[in-house]
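Asker: For reference, the chains in residue letters:
2 protein chains.
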Amino acid sequence: MPTPVKSVLPVVLLGCGGVGRHLLRHIVSCRPLHADQGVSIRVVGVADSSSLLVAEDVYSSGLDDALLTHLCAAKAAGSPLSSLLGQGHFQLFQNPEARSKVIDAATTLGRTTDLNDISDFELNFHISLPHTYSISGLVLVDCSATYDTVSLLKDAVDHGCCTVLANKKPLTGAYEDFQKLVSNFRRLRFESTVGAGLPVIASVTRIIASGDPVSRIVGSLSGTLGYVMSELEDGKRFSEVVKTAKSLGYTEPDPRDDLGGMDVARKALILARLLGQQISMENISVESLYPIELGPDTVSTKDFLESGLVQLDKTMEDRVKAASSRGNVLRYVCEIESTGCQVGLKELPKDSALGRLRGSDNVVEIYSRCYESSPLVIQGAGAGNDTTAAGVLADLIDLQDLFQKTA
Amino acid sequence: MPTPVKSVLPVVLLGCGGVGRHLLRHIVSCRPLHADQGVSIRVVGVADSSSLLVAEDVYSSGLDDALLTHLCAAKAAGSPLSSLLGQGHFQLFQNPEARSKVIDAATTLGRTTDLNDISDFELNFHISLPHTYSISGLVLVDCSATYDTVSLLKDAVDHGCCTVLANKKPLTGAYEDFQKLVSNFRRLRFESTVGAGLPVIASVTRIIASGDPVSRIVGSLSGTLGYVMSELEDGKRFSEVVKTAKSLGYTEPDPRDDLGGMDVARKALILARLLGQQISMENISVESLYPIELGPDTVSTKDFLESGLVQLDKTMEDRVKAASSRGNVLRYVCEIESTGCQVGLKELPKDSALGRLRGSDNVVEIYSRCYESSPLVIQGAGAGNDTTAAGVLADLIDLQDLFQKTA
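As you go down the protein sequences, you meet chains W and U in turn.
The working numbering applies: residue 1 is where the first sequence begins, and numbers increase by one.
The working numbering applies: residue 1 is where the second sequence begins, and numbers increase by one.
None of these hints come from the bench; they were simulated from the model.
Certain hints may be false.
Heads up, the list lumps identical chains together, so a pair's fine if it works in one copy or across two of them.
[To be verified] Derived DMTMM-like pairs: lysine to aspartate or glutamate, alpha-carbon spacing no greater than 25 angstroms straight-line:
#	residue 1	residue 2
1	K154	D254
2	K180	D303
3	K180	D401
4	K154	D36
Since this is a predicted model, take the numbers as computed values, not measurements.
Kindly generate the complete structure, drawing on both the sequences and the hints.
Answerer: Below, the structure written as structure tokens:
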């Protein structure tokens with residue numbers, strides 16, 4: 001006997017590049033698994049940077065799986081959503097209209113059963129809804145990598161929607177934006193913003209909820225910089241290691257995007273704010289692994305790789321050796337304490353969880369009353385579209401109790 | 001402006017020894033924190049092995065914090081619940097009546113708003129309820145260490161109650177009992193049954209929900225045996241290490257309760273069943289660190305400590321040396337794979353998360369598609385009343401969405 005559907009989660013996905021595309025694939029391939037658990041994820045809309053594709057009949061079926069599979073293939077091939085016209089049943093809205101259509105959907109689906117809203121929705125989308133169906137809300141999932149989604153997310157929160165973020169930027173802008181997004185904390189999930197699928201946010205949230213005050217978090221949250229620092233330990237040259245990391249696909253096209261530390265700083269800020277610190281990016285001291293003279297404003301990527309990087313070898317070698325002479329290793333870490341938040345190189349004991357780190361794994365050490373002398377350590381792959389999307393899907397499933405069907 | 005109360009969780013606690021007592025303390029001390037989040041935990045009943053103490057007015061206030069504090073002090077001093085008579089407003093029922101009173105409460109509070117049930121409850125408890133209050137369910141929390149709670153927990157599940165377990169035994173008995181307890185998986189939490197407060201169950205559940213199949217779990221889940229094995233690595237004698245562990249309070253009064261591996265086997269069984277394996281204790285191969293001739297049926301604890309243990313030194317020394325000669329270390333681990341579940345000594349590479357383990361920390365390595373070459377590792381203190389109780393409280397708070405007040 002099939003499990004009765006207990007929860008239906010209508011989802012609008014913002015951003016269908018790498019992570020978003022993998023999320024859609026996971027959603028489609030997990031249908032039987034989730035059906036066994038009585039959960040159904042209904043993708044009612046997908047947006048890329050220029051347009052929004054919306055199901056014709058949001059309330060009964062969402063976008064069908066064949067279309068979602070087409071969509072993933074199109075995005076993987078670099079085509080825009082608009083290239084899908086004629087390949088299924090949906091409506092397509094271009095920006096800026098697309099944005100207002102998402103808000104329309106959010107307004108209507110977000111935790112309201114007011115029939116006036118439904119009528120508005122029908123008018124907006126030119127469809128007729130079966131009024132016997134109970135409306136249970138909407139989840140806005142942000143897998144984009146832009147600040148531009150903030151106002152949409154805030155509007156969604158106002159309309160009682162749930163939000164799931166893989167995108168770090170909305171949580172690392174103005175403190176007021178963060179405050180707004182977390183104002184209904186139970187309707188927000190953002191596990192994949194830190195350490196991809198690693199259960200860092202969930203664990204910190206659990207510890208805080210149990211009244212066990214977190215005093216310190218130290219983490220290596222860049223797979224790229226983790227790889228670089230552990231290779232340096234073996235005596236390799238900084239310039240060589242960075243070039244190898246680039247050739248392995250570990251770095252951004254311009255490695256300075258990793259070496260500058262801003263991505264780590266954003267993760268640190270999210271963790272610091274989760275601990276209740278009312279701080280912003282300007283309060284975090286961030287150490288860049290390249291000097292301002294070699295920055296992208298003055299030196300091209302090509303020149304940086306060919307002649308800039310080698311200028312850094314000597315300094316880095318000296319620092320690694322100095323650490324080693326004290327029995328320590330250098331790691332690029334974020335460190336969050338009540339006294340402040342720092343991101344940069346730190347000497348750490350060889351036999352600590354962070355000191356033992358090899359390769360591109362992320363590691364987070366959490367110190368609290370219960371984990372005082374020996375921290376709670378979480379370690380594993382902290383990047384990759386597949387893993388990040390898996391974390392987003394786990395977040396979605398974790399919201400199911402807020403989407404229980406009322407008979 | 002105070003946060004409005006969004007969720008009220010009525011709780012009946014079974015077992016108020018070490019973990020249960022710490023849980024009550026945490027609940028009381030976390031009131032301001034939880035109030036800020038709009039959550040209120042209402043302890044409506046507390047049971048020890050002989051009696052049940054129930055609030056006079058279950059629906060408006062539960063047992064008051066002064067009484068709970070008295071109760072913790074009484075239990076810490078080794079007094080039974082009945083010693084509290086006259087020290088507050090409550091009703092006390094002795095076994096076997098106590099058991100039926102819990103079921104009465106579960107029947108009534110569990111997800112039903114049927115006024116007939118409320119009347120039954122009023123009749124049973126000789127109280128009158130304010131009918132304007134909406135009933136939102138009950139959480140039965142099992143912090144006991146007995147199989148005897150199983151039938152009560154199963155009845156509670158039948159009545160739609162939520163259950164939170166620190167007690168491993170109900171999940172490690174007959175497979176049918178496990179099946180019944182997990183039948184409404186979203187209303188069950190049991191994080192503290194494995195690794196105390198460490199987020200092991202929550203992480204495995206997340207990974208499974210995201211469609212990332214877990215292929216293998218390897219863990220060192222006994223702080224005692226973890227300590228023993230890492231001390232042996234330094235060349236110490238088995239008998240000495242066990243006696244030191246006992247003097248540090250790391251072992252049970254009879255260390256054979258740890259050395260036999262049954263506690264680890266119970267945790268392994270819970271993890272294996274969580275992965276979907278329909279197995280029972282008899283399907284797990286468990287290696288005991290003492291032979292049957294030195295078992296409690298033939299040798300007293302005193303004799304085992306004084307003359308039994310030393311007989312094991314040579315064999316253990318040989319095994320540790322043999323492992324070391326291959327560059328490995330010995331660890332007492334559980335290993336769960338699709339092909340089976342084993343608990344016992346295993347040679348592991350020195351530089352694996354398990355091989356590097358020192359002291360009494362627990363470590364769990366989880367392998368899946370996303371964590372294939374390098375596992376997801378969770379490490380930290382895996383025992384202690386404070387930490388275990390914190391895990392139970394985090395589980396309780398995690399259920400809050402099922403207990404939202406309807407205005």
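Asker: How do K180 and D401 come out at 25 angstroms by Cα distance, when the copy is not named: within, between, both, or neither?
Answerer: The answer is both: 22 angstroms in one copy and 20 angstroms across copies each meet 25 angstroms.
Asker: Is it within, between, both, or neither for K180 and D303, if the alpha carbons may be no more than 25 angstroms apart?
Answerer: neither (43 angstroms within a copy, 65 angstroms between copies)
Asker: One pair to classify: K154 and D254, alpha carbons no more than 25 angstroms apart. Within, between, both, or neither?
Answerer: Neither way: K154 and D254 sit 32 angstroms apart in one copy and 59 angstroms across, limit 25 angstroms.
Asker: Using 25 angstroms as the alpha-carbon threshold, which applies to K154 and D36: within, between, both, or neither?
Answerer: Classified as between; 21 angstroms across copies, 33 angstroms inside a copy.
Comparing the model with each numbered hint stated earlier shows that hints 1 and 2 do not hold.
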